[in-house]
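These are the residues of each chain, in order.
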Amino acid sequence: MGMDVILPDGARISDLLAHLEIPEGSGYLVSMDNRVKKPEDILKQDAVLHILPALAGG
Amino acid sequence: MKFININMTDKTLRIKDVPQAYMGLGGRGLTSTVINAEVPPKCDPLGPDNKLIIAPGALSGTSLVNTSRVSIGAKSPLTGTIKESNAGGTMGAALGRLGITAIIIEGQPTDDKLNTLVIDQTGTPCLVPADELKGMRTYAAAGKLLNEYGEKNSILIIGPAGEYKLKSASIQATDVDNRPCRAAGRGGLGAVMASKGLKAVVVSQEGKNADAIADPEAFKEAAREFAQAIKAHPMTGQMLPALGTAGLVAPVNSMGAFPSLNATQGVMKGWEKISGEALAELIGKRGGNASHQGCSQCIVRCSNEFVDENKNYVTSSLEYETIWAMGGMTGIDDLDIIAKLDYLCDDIGVDTMNTGVGIAVAMDAGRFGFGDGKAALDLVEQIAEGTELGKILGNGPDAVGKHFNHKRVPTVKGQSIAAYDPRGMQGNAVTYATSPMGADHTAGNVIGEYVTGALDPLKPEGQVEASRNTQIAMAAVDCTGLCLLASFPLTTPEGGMAFLKVMNAKFGLQLGPDDIPAMGIRVLKEELAFNQKAGITKEQDRLPEFFYKEPLPPHNKVVLITNEEMDGALNF
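Protein chains in written order, with numbering that gives the first Met the number 0: chain Z, 0 to 57; chain B, 0 to 571.
Derived by calculation from the structure, the hints in this document are not laboratory data. There's no promise every hint is true.
[As the list claims (entries may be wrong)] Derived BS3-like pairs (lysine-lysine); straight-line CA-CA distance at most 30 Å: (1) 43(Z) - 268(B); (2) 37(Z) - 458(B); (3) 230(B) - 37(Z); (4) 43(Z) - 458(B); (5) 112(B) - 458(B).
So that you can see chain B by itself, here it is in the shape it has in the complex (with noise of 0.2 Å):
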């Protein structure tokens, strides 16, 4: 258990125990909890009182399957709230394996040379000059990284958006196969590691000093049973491997609910094309893999290795939410062209979301045609180009609905909505309202109320109750390094009875079943008190005004939560 502190004013590091405020906290839970206690609310997101923290989930590290999710907080240069984004890959297990529960970077330097942090086997971080990086996009400076440092290290790792300080940089992760292709997406966190002057993170997967575990056979045991509640789920065990996340293009076009041609429609015409089952059988006529391991001890495998005609690496993992941004909002409907422009993505360092959904808000203001891959593909290399259009692209669909003067623009905060339009699922309209990391699906994502019928996806009863309890649930699981897409079976009496007793076990303690969704008010608590102190206010907990004035085919509703709803919706 301990920090790892760097200034990069002075390029000072310091090892120190975990403080005894934030003792027992990982992941989201600790990132959300150091920036409310000491990152001052109204500093420039993008300026030296900005933290940018680094932190694993408090169960990564350990034997537990799907643990090895990374949480990556700041305040952020896009929403101007909290965030906190998370990625896959290796990192969270590695700084789990090393006993390191956050790294803390502060301050800025006063020059514009680039560094990279290298942790080693021992914990041991040191400052690398990495001025040789400088512009280059993140497979190739990773893979320069990977044969100074040898294949054994997990990277964090920004590309030139990231460089160029736009607003929706990401921070790449790298997965079990050593590529840059998991994503801390959200929130333009590459710009404030741009801003601190760091372009990689490396820390090596050989580390043997994780946290002792307070019961260790206990812990195996219930790690066991978890696994096995994970097999047995038919989402873990059975649809994600089949499909991976992109198995949902079908039942939300089926629901009229996936957000098509910047939102003008509920269905995608043609949607069938791009569906997780055309995509597997794509996949699997070309020989590369529909059933991929991405992250450390996962054993959902829904990641998936996108292979081109002659067999050569596209991308990896293909997912829902960017077949859908780049897809369904741009209404391109060949795979070819969505995986191109996935790579792009996370080869330049940019959310593909916040991308794609710019892109579409460019054609809707008819820049471009819909339709049109080729336009997309130019348009994403001019984010890594840095011209003028590029770099509005770059800053997400907001900066793109200024520069062509046109309001339908599908964010809240200045983070795009996800796909799942909130007419057609209007709890996911509460969540992007009222999270305070702006629209964010993860963040407490309705659908599976509805696939199983729970409630109606069209009403407005219920919904404010169902995107609480989900947004609770999800900064809980937030905390622990657990995949959201492992966490199904925490549903379950066996899985979420396994999963007490490995958080008892692990930790010596006597958690009940409430104690979950307690621990996830507690972080949402936190995250809304930031958000308060930095001005953040109720006014700005709203959707934009075409979703509650456009009906959406086919179902023609317009969201129908009211305001005072939605205010009341995380009122603790």
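In isolation and in its complexed conformation, chain Z is listed as follows (with noise of 0.2 Å):
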């Protein structure tokens, strides 16, 4: 499962859902070393992310 995406130095969350086609605003999270991350927080090398339903309740 999961997918490589190479992005270039200094890369932000933002830059990375961009990348995927993304928009902001739908109710999607990132997940990087299991922290949830704003869409201004840099990428580092070779993170594991999730990008996930921002689900709540249950």
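Can you join these two chains into the complex? Each is in its own frame, and there are hints to help.
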């Protein structure tokens, strides 16, 4: 499962979402190293990311 | 607006106007207010002085979508506290359409015979002997009742676990397909129902006597706006219909807060196999229904129908909390086994969460290996058989821990935590510890703050306030009959305003935004007052010691909220 994504150094979470054509405000969250990240956070080299539905409740 | 009072000691039934003190209340607000006023706080929960109260929400029975929750309240045999557990399905709407504000069941029969309470389409109640249903599981017993009274009835029913008066016994509610697969699962209310000599409640869905609406035109317009807000919200319009609550498996694991192997890990190895995505794919491949309508007037459709390889029905609805308790906590990563465990719990009438966590405690104690699905299925069957081990499991994780002399038991006031580890989501630590209900995610789940990035789940700062605000909001929502999972649009300007207009049009009021939290605070105060009189102290508003001592991988945090902070959470 999963895919490799190559982005320039210093790229942010928002750049990743744009690269994957996921619009902002579409209700998805990105976690990196088991932490929820904000759009302005910078991506880490070789990080494992999850892009997930931002579900709550249950 | 009427109460149906039933005294099971002498089998008398009375229909009366709603007393002035309870006017305007619904759902949890009504059950908790009546219990605080009328139930002796130190009474035996399974004795004659306890009362079982069944109340639809204040908006149930109207045309507003997603308002078919029914609240069931009593003093809990599991927690020793006040308890409200609400269920979806068809009962909330059915009672609302009959103009029934509450059914209050009190007293205790002197014999061990069972009864069914039947309420027809005119709202007339009667008690019918039900000894032929004794020992029957819920699916078979509900089917028998529907054959007898007709399919346009809604049913609340207990199974063998309730009849054994076990502390995790649920009250099952029928869904739109007449299956008893919805549950007021928490707090052992099925045992309270059994203690009243009541096997089932059958209520006509054909009532045409709903309470009047003060401004019908304004209500209709506001209800339309609220339905639009539900459809427009990403959660209720897209994600829940696609994945159901099981969609939470991925984000909570990705945040390292999915309590696994009896809360020793925060990420379950192989969680992808039991995720919402895997569930939807499997159901779709087999020809089941991954976006099923389970409850009256539901437009979210977060339910599912799980089928086996031959397309035969297994269970509905396989929910996140059950997948966690029966999967994450036990290490069982097979959706087919988890679905069977869910069905068994519904059929036997026992809380899936307390039961899954109880199995996990037994596994952690070395009685079975983690991941042993066959052992788990056998153990749950033993609840119905009434074996010694089955009764221990049916009495919840505390009973299991005591039996095996095992200390790692993730409960508060006897009730298991939910699928959010308090070390990985510190705000939920506050909710578990301080909710008047014992550990209960529906009382104030802070996860919404974390998935939006509004709050860091691992730092103590801001958690008490977040838990308090969510507990207040949930207490208010639980008064209305609105499903928790349809309540997300309340946080948007359009949805929040539409809901206020709905309330004002229904009751002829001029409520403002501050009045909704005020309603929640009023309910919590009633509940806390009862608990205090029942002898519940602040020292019981604590998590088990291991949550403060054993760091949870991968973040290796313990609960960081101090006792003083816990004590201030609901200090109104």
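Going down the list of hints, with the structure as the test:
{"no.": "1", "hint": "43(Z) - 268(B)", "in the structure": "holds, 23 Å"}
{"no.": "2", "hint": "37(Z) - 458(B)", "in the structure": "holds, 17 Å"}
{"no.": "3", "hint": "230(B) - 37(Z)", "in the structure": "holds, 26 Å"}
{"no.": "4", "hint": "43(Z) - 458(B)", "in the structure": "holds, 22 Å"}
{"no.": "5", "hint": "112(B) - 458(B)", "in the structure": "violated, 54 Å"}
The structure is inconsistent with hint 5 alone, although it conforms to all the rest.
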